[in-house]
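Engineer: For what it's worth, the working numbering labels the leading residue of the sequence shown as 258, then goes sequentially.
Just so you know, these hints were derived from the structure itself, not from any lab.
Note that the structure is predicted; figures quoted are calculated from it, not measured.
We put the beta carbon where it would ideally sit given N, CA and C, even for glycine.
It is possible that part of the hints are untrue.
Claimed, not checked - Listed next, with one range per pair, are the computed distances between beta-carbon atoms:
{"#": "1", "residue 1": "ASN365", "residue 2": "ASN318", "range": "35 to 43 Å"}
{"#": "2", "residue 1": "GLN518", "residue 2": "ASP490", "range": "38 to 46 Å"}
{"#": "3", "residue 1": "THR355", "residue 2": "HIS461", "range": "15 to 23 Å"}
{"#": "4", "residue 1": "PHE281", "residue 2": "PHE325", "range": "44 to 52 Å"}
{"#": "5", "residue 1": "ASP448", "residue 2": "VAL342", "range": "27 to 35 Å"}
As the list claims (entries may be wrong) - Restricting the straight-line Cα-Cα distance to at most 20 Å, the calculated cross-link-like pairs of lysine to aspartate or glutamate (EDC-like) are:
{"#": "6", "residue 1": "LYS387", "residue 2": "GLU368"}
{"#": "7", "residue 1": "LYS381", "residue 2": "GLU404"}
{"#": "8", "residue 1": "LYS265", "residue 2": "GLU319"}
{"#": "9", "residue 1": "LYS381", "residue 2": "ASP437"}
{"#": "10", "residue 1": "LYS381", "residue 2": "GLU456"}
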Amino acid sequence: MKEKSIFKMNGFAALIIALLCIGFGIYLIVTGAAIAGKIAGIVVVIVGLIIGTSLTIVQPNEAKVLTFFGTYIGVIRDQGLWATVPFTFKRSVSLRVTNFNSEKLKVNDLEGNPIEIAAVVVYKVRDAAKALYDVENYEKFIQIQSETGIRHIASTYAYDSFGNNDSTLTLRQNSDEVADVLMYDLQKRLDVAGVDVIEARIMHLAYSSEIASAMLQRQQAQAVLSARKVIVDGAVGLVKAAIDQLTEQDIVELDEEKKAQMVNNLMVAIVSEKGTQPIINTGSIY
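Please work from the sequences and hints to get the whole structure.
Structural biologist: Right, dumping it as structure tokens:
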């Protein structure tokens with residue numbers, strides 16, 4: 258089923274003609290002395306009523322889908338009062354941009370962790386005929402297919418990488434990329450209903466309550482390890498720079514044992530969480 262235009266004319270002109278026909282027909286019925294005059298009046302009134310059935314009002318950003326005794330014949334998209342084919346059944350379809358906020362769905366991510374996820378889908382109807390006649394209820398269809406797509410995306414990616422592979426896409430760290438994939442997936446699902454997906458984005462993402470505490474501890478531990486790694490890497494660089502500078506400028510001669518002792522002291526001083534207390538050696542260093 259594809260959307261197509263249908264014959265239409267100015268509705269105000271048709272309305273005036275219909276009113277004139279009805280008025281003139283009533284006049285003939287009331288004043289007509291002969292049977293023929295009354296019959297003519299009835300016919301004129303019927304013509305006016307038939308013209309009246311062709312009238313329809315189209316609101317802004319709305320489409321009217323017309324069927325003639327069960328046969329789809331076309332769509333009117335232009336706003337205003339229009340006259341079209343008489344005896345048609347007219348159904349309205351909104352062409353406005355619409356939001357769908359999904360429920361919080363519980364699903365397992367790629368690693369099998371139960372998570373809660375919800376998304377907002379922004380869409381509009383592209384083809385009014387498809388929306389009405391290719392699916393049973395296009396709004397319900399959008400809801401079900403959107404939730405199916407969200408579940409599919411959630412199970413395709415892990416919630417977080419925890420430093421295992423920074424290049425791997427995850428739901429938490431790569432929200433923009435995941436949103437693009439979700440939008441593409443939803444567009445394929447909703448094409449059959451004549452719907453364009455304008456935007457799809459995750460608006461809620463969290464671990465399920467039964468594992469939230471454990472995963473929070475895991476995240477905290479990972480953060481501590483990452484911070485420690487930065488500190489150690491920086492400390493190694495500082496110690497190396499200090500030894501190289503002392504050696505190059507001949508400030509002091511350091512054998513391997515002294516270098517090891519100096520490295521040990523500097524690493525402890527830099528890496529220690531609490532401030533270290535310096536000890537001044539007033540005698541020999543041995």
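Engineer: Going through the numbered hints above, which ones does this structure break? Give me the numbers in ascending order.
Structural biologist: 2, 4 and 6
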